[in-house]
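Listed below are the residues making up each chain.
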Amino acid sequence: MSHTLYRHPNLEILEIKNDSITFILSNTDISVANALRRVMIAEVPTMCIDLVEFEANNSVLVDEFIAHRLGLIPLTSHKVDQFNYTRDCSCAERCDNCSVEFKLNARCNDHSYSVTSLDLLSQNDHVIPVGSSDGRPDTVIPIVKLHRGQEVKLRAIAKKGVGKEHAKWSPACVATYQFQPKIVINQNRMDELTDRQKEEWVQSCPANVYQFNAHQRQQVTIEDQMRCMFCMECKKKADSLGKPDLVSIEQKTDKFIFNVETNGSLKPEEVVLSAIQIIKRKLTDIQTQLQDTVN
Amino acid sequence: MADTAPTKIESPNVINKVEVISDRPDCATFIFVDEDHTLGNALHYVLMKNPKVDFSGYSIPHPSDNKMNLRIQTKGNTTAQDAIMNGLSDIKDISQSVDERIGEESNQSHIYSDAQLCHRHDGHPTNRLF
Ligand SMILES: [Zn+2]
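Those sequence lines, one after another, are chains P and X. The numbers in the working numbering rise by one with no breaks, and the one at position 31 of the first sequence is 31. One rule links them: number in the working numbering = place in the second sequence (from 1) + 295.
Don't take each hint at face value.
Restraint-style ranges between C-beta atoms, simulated for each label pair [what the hints assert, rightly or not]: (1) X:Asn381 / P:Thr176: 44 to 54 Å; (2) P:Asp88 / X:Glu399: 27 to 37 Å; (3) X:Asn381 / P:Gln203: 16 to 26 Å; (4) P:Glu55 / X:Asn381: 36 to 46 Å; (5) P:Ser114 / X:Glu399: 40 to 50 Å.
Residues of chain X clear of chain P, computed beta-carbon distances all greater than 12 Å [what the hints assert, rightly or not]: (6) Ser317; (7) Arg319; (8) Phe325; (9) Asp329; (10) Phe350; (11) Ser354; (12) His357; (13) Lys362; (14) Arg366; (15) Gln368; (16) Lys370; (17) Asn372.
Note that these hints are calculated values from the structure, not bench results. Heads up, the beta-carbon is just placed ideally off N, CA and C, and yes, glycines get one too.
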C-alpha cells in the first residue's frame, strides 16, 4: 500500500446489456470499491409493494403468502426520484407523492387461471411490474393459480424503499467485483511435460482457462484468463506432476472488475450512477450534521 | 392488512446522525447512526492516508444496533474534527471523479453489446445513456 491517496479512480465500461453492466474500476482502494458495491445492493431506492389489503381471497395461498409474493415483484422505478419516502412525506398516512396503488381482481370461471403480474393494474404508468409492458410470456411473473370459482381481489400499495430495509427493494440481483488474475505459465517447465501430462494439466482447470494446441507445436496457452476463479486446482495438479513452478497465479488488487445485474426495476447504468450520487449525498449530509454538532 | 416488510429502519433524517465524544481536541470518537461498513471502511482508509492522523479505527459494536463508532487520534497538529471533515471531502472527491468518468465512458456506443437493446424506456432508440 502506497502512502498517497488515490483521488482519481479510473473507470472503464466494458459492456452494457439490457440488464447487466461490466466495468473496471482501477487506481483506487478496495474500501472504495466495496462502498460502491454495498451501496448498489443496499441503498439504491426502488419502488416495491409494501402493503396489501385483501377484499377476497379463497385461493390455495393464504393472504400473507400472496402479500409476500407481491412484495417480491420488481416494479419499474425509473421515476423513483419523484417519490418521497412515506416517513418523510408531508401527508398524514400516504399520498400519490409517496405511494402507488395497484388493483388486482382475478376470478376463475374456467378450469384454471394463473394470476400473474399482468393482472396487477397500476394507477401510475411509470410504476408497473417489470416485463408486463413488453408482452413476452417469459417475462411475466406468476402470483397464484386459481381453480374454478376461486378469486383474489386486493389493493396493493407500493412504496419507495431501500435494500437495507428489505431485500425486495434492492435493484441489484448481482453486484460483485473480482480481481484481475495474472497468470504466467513457465514454458520451460511446460516443455518438460509429455503431451499427455499437458493435456491432463489443462483439463485440471474447472474454468477452462488453459488450452492445449495439439497441432501447433504442442503448446499450452491461456485461452481466457478472466475465467480464472483462483481455485488453484492447476497449482495442485502441477505439484502432483512434480513441477511446483509450472504456473504462477496472482491477483492484481489494483483493478476491480465489477459485474452488476439488475432485476429490471432500474437500468444497470442507472444503478451505478444512482449509487455514486447516494454516496456523495451521504457525505454532504454528514458534513453538515458534523458542522452543526460542533457549533 | 398484511405487511410484507416486518422490520423498519429509522428515517435517514434522524436528528442525531453523528454524536461526538471527545475530551481532547486531537482525539474523538464519532458515533454514526444508520451507517455501516460502507462509510466506516472508506473513512478509515482515507483517514489513514492523511499524514496528520496517527490512528483511526472503526467498529460496529453490535449487528442489531444501527450504530458505527469511528475513533480518530491525530498527531496534534490538527483536530480530530478537522481530520474527519477532510476525510469526508476526500471520499467526496473520489466519488466525484468516478461520477465524471462514467459520464465520459457512457458516451461511447461500442459498450452496447446488443444494438437492439439500446432503447430508452420512453421507446426511442438511442446509443447514449443520459
Ligand atoms: Zn405522502
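Checklist entry - When you look at the beta carbon of X:Lys370, is every beta carbon of chain P farther off than 12 Å? => result holds, 15 Å
Next on the checklist: Quick check for students: does the CB of X:Ser317 sit more than 12 Å from each CB in chain P?
Outcome noted: Given that some Cβ of chain P is not farther than 12 Å from that of X:Ser317, nearest at about 10 Å, it is violated.
Next on the checklist: According to the definition I'm using, a residue is off the interface if its beta carbon is farther than 12 Å from all beta carbons of the partner; does X:Asn372 meet that for chain P?
Outcome noted: Non-interface label stands for X:Asn372: nearest chain P Cβ at 17 Å, farther than 12 Å.
Checklist entry - Range hint 44 to 54 Å: satisfied by the CB atoms of X:Asn381 and P:Thr176? => result Cβ of X:Asn381 to Cβ of P:Thr176: about 31 Å, so the range 44 to 54 Å is violated.
Item to check | Whether X:Ser354 stays farther than 12 Å from all C-beta atoms of chain P, as the label says | outcome: Given a closest Cβ separation of 15 Å, the condition holds.
Checklist entry - X:Phe325: least C-beta distance to chain P exceeds 12 Å? => result violated, 8 Å
Next on the checklist: Is the claim that X:Arg319 lies outside the interface with chain P correct, judged by CB distances over 12 Å?
Outcome noted: holds, 15 Å
Checklist entry - For X:His357, is the shortest beta carbon distance to chain P beyond 12 Å? => result holds, 16 Å
Checklist entry - CB of P:Glu55 to CB of X:Asn381, is that within 36 to 46 Å? => result Once the Cβ atoms are compared, 57 Å apart, the range 36 to 46 Å for X:Asn381 and P:Glu55 is violated.
Next on the checklist: Verify this label for me: X:Phe350 is non-interface relative to chain P, using a Cβ-Cβ cutoff of 12 Å.
Outcome noted: holds, 16 Å
Checklist entry - Is the distance from the Cβ of X:Asn381 to the Cβ of P:Gln203 consistent with 16 to 26 Å? => result violated, 54 Å
Checklist entry - Would the least Cβ to Cβ distance between X:Arg366 and chain P come out above 12 Å? => result holds, 15 Å
Comparing the model with each earlier hint shows violations of hints 1, 3, 4, 6, 8, 9; every other hint is respected.
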